[in-house]
Structure formats: C-alpha cells, structure tokens
Amino acid sequence: MTEAVNGSSTARPTREKQRSLWGDVWIQFRAHRGAMVGVVVFTVIVLAVVFGPMIHTVDPTYADYRARNVSPSLDHPFGTDNLGRDMFAQVLAGGRVTLAVGFTAMAITITLGTLIGMLAGYFRRLDGVLMRMTDMFLALPQIPLLLVIMLVFRDSLRSLFGPEAGIFLLIVFVIGITTWMQTARIVRGEVLAIKEREFVLAAKSIGTREHRILLRHILPNVLSPIMVSATIGIANAIITESALSFLGLGFPPDFPTWGRLVVDGKDFMDLTPARVIWPGLAISLTVLSVNFIGDGLRDALDPRIRGR
Amino acid sequence: MTAPLVSVDDLCMFFPVYRGVIRRKVGEVRAVDGLSFDIRRGETLGLVGESGCGKSTTGRVILRLYDPTRGSIRFEGAEIAGLKGGALRRMRPRMQMIFQDPQACLNPRMTIGSIIAEPIREHGLLSRAEREDRVQDLLDAVGLNPKFANRYPHEFSGGQRQRIGIARALALDPDFIVCDEPIAALDVSIQAQVVNLLEDLQEKLGLTYLFISHDLSMVRHIADRVAVMYLGRIVELADRDQLYGSPKHPYTQALLSAVPIPDPKVEATREHIILKGDVPSPANPPSGCRFRTRCPVAQPLCDEAEPEWRRLADGRRVACHFAE
Numbered sequence: 001m002t003e004a005v006n007g008s009s010t011a012r013p014t015r016e017k018q019r020s021l022w023g024d025v026w027i028q029f030r031a032h033r034g035a036m037v038g039v040v041v042f043t044v045i046v047l048a049v050v051f052g053p054m055i056h057t058v059d060p061t062y063a064d065y066r067a068r069n070v071s072p073s074l075d076h077p078f079g080t081d082n083l084g085r086d087m088f089a090q091v092l093a094g095g096r097v098t099l100a101v102g103f104t105a106m107a108i109t110i111t112l113g114t115l116i117g118m119l120a121g122y123f124r125r126l127d128g129v130l131m132r133m134t135d136m137f138l139a140l141p142q143i144p145l146l147l148v149i150m151l152v153f154r155d156s157l158r159s160l161f162g163p164e165a166g167i168f169l170l171i172v173f174v175i176g177i178t179t180w181m182q183t184a185r186i187v188r189g190e191v192l193a194i195k196e197r198e199f200v201l202a203a204k205s206i207g208t209r210e211h212r213i214l215l216r217h218i219l220p221n222v223l224s225p226i227m228v229s230a231t232i233g234i235a236n237a238i239i240t241e242s243a244l245s246f247l248g249l250g251f252p253p254d255f256p257t258w259g260r261l262v263v264d265g266k267d268f269m270d271l272t273p274a275r276v277i278w279p280g281l282a283i284s285l286t287v288l289s290v291n292f293i294g295d296g297l298r299d300a301l302d303p304r305i306r307g308r
Numbered sequence: 001m002t003a004p005l006v007s008v009d010d011l012c013m014f015f016p017v018y019r020g021v022i023r024r025k026v027g028e029v030r031a032v033d034g035l036s037f038d039i040r041r042g043e044t045l046g047l048v049g050e051s052g053c054g055k056s057t058t059g060r061v062i063l064r065l066y067d068p069t070r071g072s073i074r075f076e077g078a079e080i081a082g083l084k085g086g087a088l089r090r091m092r093p094r095m096q097m098i099f100q101d102p103q104a105c106l107n108p109r110m111t112i113g114s115i116i117a118e119p120i121r122e123h124g125l126l127s128r129a130e131r132e133d134r135v136q137d138l139l140d141a142v143g144l145n146p147k148f149a150n151r152y153p154h155e156f157s158g159g160q161r162q163r164i165g166i167a168r169a170l171a172l173d174p175d176f177i178v179c180d181e182p183i184a185a186l187d188v189s190i191q192a193q194v195v196n197l198l199e200d201l202q203e204k205l206g207l208t209y210l211f212i213s214h215d216l217s218m219v220r221h222i223a224d225r226v227a228v229m230y231l232g233r234i235v236e237l238a239d240r241d242q243l244y245g246s247p248k249h250p251y252t253q254a255l256l257s258a259v260p261i262p263d264p265k266v267e268a269t270r271e272h273i274i275l276k277g278d279v280p281s282p283a284n285p286p287s288g289c290r291f292r293t294r295c296p297v298a299q300p301l302c303d304e305a306e307p308e309w310r311r312l313a314d315g316r317r318v319a320c321h322f323a324e
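Protein chains in written order, with my numbering: chain G, 1 to 308; chain V, 1 to 324.
Read the hints as simulated data drawn from the structure, not as lab findings.
Heads up, none of these hints are tricks.
Computed spacing ranges between beta-carbons, pair by pair:
| # | chain 1 | residue 1 | chain 2 | residue 2 | range |
| --- | --- | --- | --- | --- | --- |
| 1 | V | S189 | G | D127 | 38 to 48 Å |
| 2 | G | V40 | V | K25 | 58 to 68 Å |
| 3 | V | A305 | G | G189 | 48 to 58 Å |
| 4 | G | L215 | V | E130 | 16 to 26 Å |
| 5 | V | S189 | G | L115 | 43 to 53 Å |
| 6 | G | L215 | V | A305 | 50 to 60 Å |
| 7 | V | R24 | G | V228 | 37 to 47 Å |
| 8 | V | R70 | G | L192 | 24 to 34 Å |
Subject to a maximum C-alpha distance of 30 Å in a straight line, what follows is the list of computed DSSO-like cross-link-like pairs (lysine-lysine):
| # | chain 1 | residue 1 | chain 2 | residue 2 |
| --- | --- | --- | --- | --- |
| 9 | V | K276 | V | K248 |
| 10 | V | K147 | V | K204 |
| 11 | V | K25 | G | K195 |
| 12 | V | K147 | G | K204 |
| 13 | V | K276 | V | K265 |
| 14 | V | K84 | G | K195 |
| 15 | V | K25 | G | K204 |
| 16 | G | K204 | V | K204 |
| 17 | V | K265 | V | K248 |
| 18 | V | K84 | G | K204 |
| 19 | V | K84 | V | K25 |
Because the structure is a prediction, the values reported are computed rather than measured.
Just so you know, even glycine gets a beta-carbon here, dropped at the ideal spot from N, CA and C.
Chain V on its own, in the form it takes in the complex (with noise of 0.2 Å):
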C-alpha cells in the first residue's frame, strides 16, 4: 500500500465562545473533535454529515486555513499543524481548495484572468507572458473559452463561475484539493458537468480530492473511500461499496435511508430509520457516545463510556460500542 499523502492524528479544532464587556472565556464549541483518518495519494475521499457537524471546519483546519487546537496534520509524512508565517505560505501551494458558493468565492472587482493569476502572481513563479499563457490554458483546461479572462465574476453563471474557481485552484499545480461542497449551490444539470470535470482532472493530473458534500449520492459517484461525521466526530469510515452495501453504525443507517430510491413502488414499501430531536450543541456534547441521545439502539453503556475508534474485520472502522 502506498503511503497517505495527508494524515490527520487526534485533530481537534475548537472555537472559544467570550461573553461580558470583559470578553471572559466561558466555553469552547468543539467544531471538529478528535479525528484520525489518512488520504491516500490519488484517490477521493468523501466526507458526508448533516449541517453543522464540522465537515466544512476539518477541509480549513487541515488546509490550516485555521490554527488546529490540538493533533498532527502530517502532509507527505511532513507535519504541518505547527507551521507559522513563511513555512506555511511556501506549503501552501502543495494544498487548494475549492468553495461552496460561487457568488462569493470570486472578487467582483477583478477580472477573472486575475483571479486565476493571482496564486501565480502571488507565489512569483512566472514571467507575466508566461502567467497569461498560464491563464489561458487554465481557462481552457476547465472548458470556458480563454477569451473570457477579460471579463468580470458578474458575467458568468453559478457553473462558470464554479469552473473558474476550479481554475484557480489548479494554477500552483497542487497535489490536493479541498472540494468543500463545491456543487451544493448549483443546479442538478450543472452538478453533474462540474463533477465530471472534477474526475476527468484528477485523471488527467492525479490530484487528490477530500470531497466535503451532504449529498449521498454524489459522494457515491465521486468517492474512493466514504467517513460519516457527526457532531465533529467521524462515525464511520469505510470504501464506497462497504458503506453503501451494509453501513455498520446506526447514523449511517439512518443518513442511508433517507436517500430516495428512484422505483416509486421500491420507495413506498422500504423502511425509513427516522431520527428523533436535533443535533446536540458542539458546545455541550453529550457525555460517553455523542450519538447516543438520537441512536435507535442506545444502550445504558454509550452513556457511560465513548466508543473506540476501532477498525472491523473487513478492514472499515467504527465508533460504535455494538457494530459487528
């Protein structure tokens, strides 16, 4: 087995929460708790949660777009979780992303030929006919037309605009991308061209995707290997085909059974695990299994103690004190 190309050890990610005119520290909201799990070189990682589970928070803190409050973020074997300053810039390169919404993800006030040499320019790599050159084959590599590199964010659609942040993120010739949820604001149409573009370049350039998205059935499409996080914890983390096949915990089960089955008849008779009340505060998580306040199958013992991060026979791992 070839080496992960990203590692993540015990990757903890608080957000202190101040309150009173003195800005006292009363709490933390532990957006991402405790998370190990490695990316290997090539392929596509999916991580999948609801709302608010930190799915968007791990993609930043791995890219160290925030500062990690505890664990080890090791790429290439070289640990990355403590670089400051100029260490960190000269990194950065190696690692992009590419963003939920693409109304925002692009300056208004920029051409898009400037948007995508900005990395370039940033990084000072190239001469500015060889950055145009750049730009031009960037264009074309995500199917716009090279002439738009004139044009203005505004003039485009959500696709297009999607496309060109995809551009960007290409410019430094990175080995791995954080796709966070980058087809959620775009149409069923739409979705389908971007992640076709997504896969044809991983093909083409051998990039490695962490794709964050809440939509199952793109991330069955798209991934390699599947986790499912809940309340910042990763519950489940196996190959696509396992997951989908016979999901071992019961959050899995349940996020499962809420994907519609296109048999209207098939959708009429099957079983839908339903889950009751809401998600639990990240900012007071609930003691021993943090599932275990919405599991259909709790038992007095995930109260008492967190369940192992443990890996099953067939090679997938489980927090779950009764996954067999």
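Just chain G, with the same shape it has in the complex (with noise of 0.2 Å):
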C-alpha cells in the first residue's frame, strides 16, 4: 500500500505500474513479424562479419596463385578470385568496412537533416536562410562533388589519420553531407504542421521552455519520417560507397567493401559468378532486413497503432 506522501488522508488504490515508453514500443516491435525477421537476418550478419575472421582465419588479401578461379569449396566456402584471393575472407573483411560507412554516414544524414528542418520549421527566423542553404545543397550535382572533395582532401586526410581511416572518414562525411537534404525538408514540413496544433500552443501557455517544446512535443511527432530516412539512407550510403570504389576514388584497390568487390567480380561473371552474387547478396540482405527494422521501429513509435 503506497502511503499517501502529501497528507491527504484518502487511501489510494495501489497503482498500476507504470508503463514505460520503451517496454511499449518494445511490446509492439515483437508483434511485427518483419521486423523480428529483419533484425535476425541483421544479426546474422553483424555476427558472422565482427566474429567471423576469428573463425574463418584466412587473409583476405593473400594472393594464393595455385588457386585461382576455384568453386566454392570446404577450404574457399565461397571460391576464389582471379589472383587466389579467397572470396569468403573478401567478404566478411568487406562487410566491416561496409556497415560502418552505412551506419556513420546515416547518423550524419539523420542527425544533420534531423537539426535543421526542425529549427527552420520552427523558427520562423531561420527558415529562410536555412532552406535557402537546402536548396543550394540540392542544386550541387552529388557525385561530381564527391570527386572534387575526394581529389583535395584525400592526400592530406591519408597522412593525418592513415590511408584507411582517412578514407574511411572523407567517405562518410562526404555522403553525409550531400544527402542530409532530403531529411531537412520533410522534417521542416512536418514540423510546420505539427507546431501550429493545439497541444504545442498548451506547452506554451504552461510556460514549458522551446528546447522542451522541440524534444518532448515536435521531435516525437515527426519520427516516423526520420525513421523512414534513415532507413533510406543507410542503403543510400552503401550504394553510394560501390559508386565510389566503381571510380576508383573510394577506398584502395586491395581493400575490400562489398560495392568494391561487386565492381571487380563483374567482369568475371562467366567464369565465376558467385564474386558477384555472395557481396551483392549480403548488400541486399542488408538493406531489407534494415528496411524491415526501419518499418517495424515506425509502428512501434505510434501509440495509436500500438496495441493493434
């Protein structure tokens, strides 16, 4: 029996629990067969790409010159390429490289996009500059950008933080920052119509500060598109890393990512096509499955469609 705290002498029925958000969205999630289904297929791969060089514990990048071009066996469960290089090692080794440059370069998108259609909807003062700013962005044609930026910075990134990290820095920053546009409008529009509805002017007239009004009242109400960006975005990412490494200005040739390695297996694809099919496989399984959490996570979001 809870003790009634400020001296009313009514005895209070013990409360339920109190439901938390999280458990909620958390009940709700499980409900979406998809989702559930995504997040073991994601899981899978997240597992088998951080753990499974410590298994498979063959050197991606050694060259085994007596085994070119072999089908898939125990040794080379998935074959090897034209200079003995064992796909499997290729693949798991890509996969690291590739999530991340997913992963960062959304959270930069999301993040960036996220800031500043919430403060130019919001801010009557901002929005001008703000989308003035967005349209510019928009009018940049992205990949000859990406050349550009690649061609100024990339020397000078490569000895401050090594070829690797450099590269993998000016990657996502550069994705980031020519796709963050999209996120920006949406979010700016629907921030516009959520900030003109009653319950927005009722924070107001309680005196609740506008950095609260943004976090508790606008930013959950616009969630959906964001997660619906977001998950956009990672695939976006990915393919545009692949574009990259297609030019040749994304990572070094002997450093494998899944778009790099569906570059160079293409013009193999008679002799062995599984160079092609296993990276461009785990490109789609990735993007489904991260789709389907995206979906899930949305429905879970809304309390009027939770519980349905």
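The task is to assemble the complex, starting from two chains supplied on their own in separate frames and drawing on the hints.
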C-alpha cells in the first residue's frame, strides 16, 4: 500500500505500474513479424562480419596463385578470385567497412537533416536562411562534388589519419553532407504542421521552454519520416560507397568493401558468378532487413498503431 | 466591490500582413482593437461573438501567448503586457487555458499521466512520487479513473479528453482560466457534463473564468457577466440577466433573436432580426462604428464618429450612439 505523501487522508488504490515508453515499444515491435525477421537476419550478418574472421582465419589479401578462380569448396566456401584470394574472407572483411560506412553516414545524414529541418520549421527567423542553404546543397550534383572533394582532401587526410581511417572519414563525411537535404525538407514540412497544433500552444501556456517543446512535443511526432529517411539513408550510403569504389575514388584497391567486390567481380561473371552473387546478396539482405526494422520501429513508436 | 483579478485596458492585437518577394509589410489584420474590461475574482465572464471576431485572440493575448500590439493587461494589479522570458514564465502558473479541440490539444505520443504532470515538472514543484499522487488526485477531481494515467489520448472519447485538458489546466492551482470554446466540439449531452464540471471546480477552488463561446444559451447558463464582441471590439458588456433580458446594442439584439426558443408556437410568431451581408474584413474595418454596414438602425452619424464605450444608467457598458 502506498502511503499518501502530501498528507491527504484518502487511501489510494495500489496503482498500476507506470508503463514505460520503451517497454511498450518493445512489445509492439515484437508483434511485427517482418521486423523480427529483419532483426534476426541483420544480427546474423553483423555477428558474421564481426566474429567471422576469427573463425575463418584466411587473410583476405593473401593471393594464392595455385588456387585461382576455384569453385566453392570446404577450404574456400565462396571460391576464390582471379588472383587466388579467398572470397569468403573478403566478404567478411568488406562487410565491416561497408556496414560502418552505412551506419555512420546515415547517422550524420539524420542528425544534420533533423536538426536543420526542426530549426527551420520551428523558428521563423531561421527558415529562409536554412532552406535556401538546403536548396543550394540540393543543386550541387552529388557525384562530381564527391570527386572534387576526394581529390582535394584525400592526401591531407591520408597523412593525418592513415590511409584507411582517412578515407573512411572522408567518405562518411562526404556522403553525409550530400544527402541530408531530403530529410531536412521532410522534417521541416512536418514541423510546420505540428507546431500549429493546440498541444504545442498548450505547452507554451504552461511555460514550457522552447528546447523542451522541440524535444518533447515536436520531435516524437516527426519520428516516422525520420525513421523512413534513416532506413533509406543506410541503403543509399552503401550504394554511394560502391559507386565511389567503382570510380576508383573510394578505399584503396586492395581494401575490400562489398561494393568494391561486386565491381571487381563483374568482369568475371561468366567464369565465377559467385564473386558477384555473394557480396551482392550481402548488400541486398542488409538493406532489406534494415528497411524491415525501420518499418517495425516506426509502427512501434506510434501509440495509435500500437496494440492493434 | 472587490478589486478585479484581470483588468484589460485599450488592448490591441494586430497581425501584420506581408507580401511580395522581400516580405514587405502591406497592412495588418486588426484581430483585437481596443478592448477594455475587468474580470472580477471568482466570476465567470462570458465572451460571445461570431466566428472570426477575435474572441480566441483575446483569450490568447490575455494569457500572453501573443505579444499585444498596444494596451495594458493587469493581473492582480501587476502589469503583464510587457513581461518577457523568466518573469513571464513565473506568471504562467497563475493563468491557464482550456482548449477547443480535444483531439489536437493533447500530444498523441504522451501518456495521460505525463501530459497532466508536465506543468508540474516544468516548474519543478514536486518530487516524483508527489507528482504521481497529484496526477491521481487531478484525474479523480475531473471525474476520470486514476488508473487511466498510463493510457494514451487516442484511447479516450472527446468528453474524456476535454476532462484531461481541464486536469492539466488545474495542475498548477491557477487563479484564472481562459476557456476557449471548451464545449464547441462535444456532443450536447457531454457539453452539459463538462460545463457542470467547470462550475463545480469553480465553486470548490474559487476559480475565475473567461468563458469564450458562440453558444449563447450555454453562456447564459454559466456566465455572471457577458461581453459581446463584433469585429475586434466589445459592443456590449452587461450582467447576464440585463443582457439577455433587454439587449441594448443592435448587434446583441440580432444575436439574441437568432437563439431558438423551445416552443414551436412562440418560435413561429416571434420576430427575427436578420443581418444582411457579411462581416467586413478586419484588415480594413469600416470607418466610424464598425457595425454600421449591417446595422438595421444606422444613421449618418455612425459613419462619421466612432461610438464611445460608455456606461449606461443601469451599469452596463455599450458602444452605440443610440443605445439608451
């Protein structure tokens, strides 16, 4: 029995346990079958990529000239390429880079897009400036811009952070700053509609500070489009990274990523189709499972859909 | 007579109109134009008028949700029209608002408990456990099951949501509540429940209401005094019985004649005053008396001179040259 603290004499019925938001979200998320399949597939991919190289201890860059273009066998589960490098080891190593690029670039895109969209939508004074800036970024052609940035900054970043980390930072940053605009526009539109709702006015009349209004009342209500942008953003980043590798401006040639493996394998499709199929399948499965997870999260975060 | 709780003098709220590429200011909408009235402690002042006449704007300006263009608002004698930032925030708990649309006034992503607790949390008044107890008490006070604290707004009907809105407004123990058409979106049977709840709470907690509505019968039921608004101005302010018994301003007369009488025989024979034309634009109000374009008794004088906001012998205030 809870004791009344403020001195009121009425006995209270034992109250229901406070429902926590994330508890509810989890219950609803579990009910979304597609999302659960997505979680399982995605977890398998992440575990394989993280722990796989410890079990399959073949150096992905070791070229075994006696075993070139071999078909899948016990020694080489995905076969080997034309230089005799083990494909399975390359897919595992490439996955680490590709997943890291995808998620980091998505995080940059979403953070930047949401921040700029919310500020532009909520504060009228900032709207004009921020939206013209967004238009300016939208008008820049992405691939040529990528090429220029790569050429200008590649060497200085390489010398600062080392060849791999330098290129990683550059790629992630470049993808991030060239893809946040769609998110910003969608978020701004939603914020413009939400901020005129009466519950925002009610929060103002209570004396809620503006940053709290933004975080507590506006952000949760624009979460759906942000989730959608995020899932699309991961797929987009993985594909852009492949395109950069294809143009020879991504990671160094001997540094495997999924995009790079597909590009390198495309000329040998007749001889060893597995070289394209496995990394391609990995990209597709990752993007698909992330999309399902995003779909499930969006539904679970909306209390109106929850419990249906 | 007790000192007024809220006292408004020459209050104006103009919204600028911008146009063109460089957003030049080309005019202003005079939503509220020179209001002066007092609200006494413990009373209910009804504010009636047709759509777009500035009722809701008046309520929001008094609560300082907008910055008034001109004029003074005094709350317990202290000027609040020019307050900013922290000083304004400290005033907020004293005055609260109940909203028209029970769908839109509750955040769909928050539980009822956190919606009601938000004002308390925002002003940092109680500990977590005390806050939860307070939410239970408030839900009880507005006639909802305290167990509902964990549910979300979409699980409730319109009347229940309006009660939740009332509980939120009560959370900080305010003195003054602006009720902005709190019953307009509800069924008739639910309207009575909500109005009775408001009356009970007023009696128990000594609240003062500004009750904004276009439902004249409901205002007659709940209000002690009634102000009638037309195009940003108050045209008549009187005690309820005076106003409904013998309206003096031609606009008030026309409004009251539009209220149906629940007796078919009387209703068929009684005279209706039908106003012609539309309400003029508040961006470009007529000269002189604002009602003259539709007034059945308008004279040349109404075009030339603005009627004074004067007090008649029986204590009521009217803005008309010819009201006796």
